[in-house]
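There are 4 protein chains.
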Amino acid sequence: MNITLEQAEKVISVAKEKSKAIDTKMNIAVVDAGANLVAFSRMDGAWLGSLDISIKKAKTARYFDMNTGIIGELSQPGQPLFNIEHSNNGLITFPGGVPIKNANGEIIGAIGVSGSTVENDHTVAEAGASAI
Amino acid sequence: MNITLEQAEKVISVAKEKSKAIDTKMNIAVVDAGANLVAFSRMDGAWLGSLDISIKKAKTARYFDMNTGIIGELSQPGQPLFNIEHSNNGLITFPGGVPIKNANGEIIGAIGVSGSTVENDHTVAEAGASAI
Amino acid sequence: MNITLEQAEKVISVAKEKSKAIDTKMNIAVVDAGANLVAFSRMDGAWLGSLDISIKKAKTARYFDMNTGIIGELSQPGQPLFNIEHSNNGLITFPGGVPIKNANGEIIGAIGVSGSTVENDHTVAEAGASAI
Amino acid sequence: MNITLEQAEKVISVAKEKSKAIDTKMNIAVVDAGANLVAFSRMDGAWLGSLDISIKKAKTARYFDMNTGIIGELSQPGQPLFNIEHSNNGLITFPGGVPIKNANGEIIGAIGVSGSTVENDHTVAEAGASAI
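Top to bottom, those sequences are chains Z, W, E and G. With numbering that gives the first Met the number 0, the residue at position 127 of the first sequence is 126, and numbering never jumps. With numbering that gives the first Met the number 0, the residue at position 34 of the second sequence is 33, and numbering never jumps. With numbering that gives the first Met the number 0, the residue at position 34 of the third sequence is 33, and numbering never jumps. With numbering that gives the first Met the number 0, the residue at position 21 of the fourth sequence is 20, and numbering never jumps.
It is worth saying that the hints were derived from the structure and are not from the lab. One or more hints might be untrue.
To be verified - Here are the simulated DSSO-like pairs of lysine-lysine, each with C-alpha atoms no more than 27 Å apart in a straight line: (1) Z:K15 with Z:K100; (2) E:K24 with G:K9; (3) Z:K15 with W:K24; (4) Z:K9 with Z:K100; (5) G:K9 with G:K19; (6) Z:K19 with E:K100; (7) W:K19 with W:K100; (8) W:K24 with Z:K9; (9) W:K15 with Z:K24; (10) Z:K15 with W:K15; (11) G:K24 with E:K100; (12) E:K24 with E:K9; (13) Z:K24 with E:K100; (14) E:K15 with G:K15; (15) W:K100 with G:K19.
All chains, full assembly: derive it from the sequences and hints.
Put into structure tokens, the structure is as follows:
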């Protein structure tokens with residue numbers, strides 16, 4: 000099962016609404032089950048550097064089928080996955096990446112959001128992922 | 000002058016319609032005046048390898064403010080710009096990248112399309128660019 | 000709004016004067032609003048390795064519209080942006096990168112300075128940025 | 000012997016004058032004897048994609064101590080250096096890169112120019128190199 004473009008657009012649309020509702024400007028990326036980009040939107044005035052981060056968050060969430068923040072806890076100094084960010088041409092392991100599941104609970108892609116605090120990034124990513 | 004997300008979404012929407020009208024499945028990328036991605040859509044079933052090509056076409060069109068196919072004529076063996084594709088982390092110099100201008104004729108971004116023949120790619124890119 | 004070459008040259012000129020005044024040898028880079036290099040100077044005898052660092056500092060400051068040192072505090076182990084440096088082909092998040100604003104307070108580019116202690120790097124970057 | 004920043008600035012200044020005199024907008028890069036960037040200027044309105052090309056031309060000219068166009072003749076299909084552009088993270092082998100020599104004829108650096116036809120690029124590079 001793979002996310003469709005129509006679903007990805009719905010994810011981005013809901014994420015944009017949430018972003019506006021909490022007064023932020025976000026880069027929003029959606030990847031499919033193969034971790035390849037399906038849709039992307041950079042809101043006017045959003046940080047340029049968050050473009051790459053949002054895509055890397057979406058890929059990271061699908062690479063390991065979990066929220067990026069969970070990996071970030073394991074990649075700290077002394078933890079089991081220290082510096083895992085060096086793999087896959089660069090992971091981003093702080094919050095803002097969330098897997099997207101279909102009605103059966105199967106992972107069909109992931110969303111990555113960047114442009115504010117990691118808490119806000121995660122809130123917007125969660126809103127987008129829950130649109131499916 | 001820089002393209003807005005709303006303008007970029009309109010460009011992609013018109014490009015998608017054109018793509019469907021000629022029975023193709025495209026990757027469509029829009030970059031701003033700084034050659035940074037603003038919006039992207041991969042239609043269901045479109046070639047995965049065209050994802051990167053569409054983004055590189057959009058960047059290439061903005062890097063040199065001309066249709067990508069023009070550069071491709073000049074980069075052939077024996078021509079003045081042979082192997083220019085090695086610059087800028089990889090250019091794509093066949094048709095499918097087109098600058099986007101505002102009402103005053105100023106370049107505000109570019110569109111890149113990939114997923115079919117280069118003729119079809121260019122047709123869809125032209126349709127998208129003309130939406131502004 | 001985008002920085003002009005004349006403005007970028009003034010930024011570098013003032014930064015060089017400051018660098019000499021505090022007896023340092025610097026690499027100084029200025030990027031525009033799109034985070035693309037506009038002007039660069041490496042003072043005689045400045046560290047070679049600081050060439051890339053100065054450019055990455057300038058890009059990083061524009062990517063997130065803040066001084067690089069602020070990001071560096073957030074990217075420490077246990078902090079919210081741990082290992083953000085893996086994004087955007089490599090960020091530099093210690094001091095020495097500063098956004099450049101015009102008279103209206105709009106960010107039109109950024110300066111990155113590297114070649115001495117991070118305190119000195121920041122001092123010279125601040126001097127350069129304040130030239131506009 | 001290595002080019003000084005003062006010399007590099009003179010090279011760029013003369014190249015800019017020449018560029019204006021022939022009504023072009025150029026990216027101009029100067030590298031030292033170690034092929035590392037010393038100074039760079041992007042004239043207002045110059046092609047963004049020429050930024051990387053000008054630096055690669057300067058490096059290429061110093062890597063092989065000859066005008067870049069000479070290498071380009073040897074890198075054509077069937078010629079001895081076919082596709083040499085794949086080395087050194089990307090060479091640019093069409094005209095616009097010229098070694099810079101001191102009064103004793105020793106090579107102390109190189110200039111790379113990009114932003115117009117390769118003939119114009121070379122003309123401006125020659126003018127800059129002859130300033131020393």
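*Sort out which numbered hints this structure fails and list those numbers smallest first.*
No hint contradicted; all consistent.
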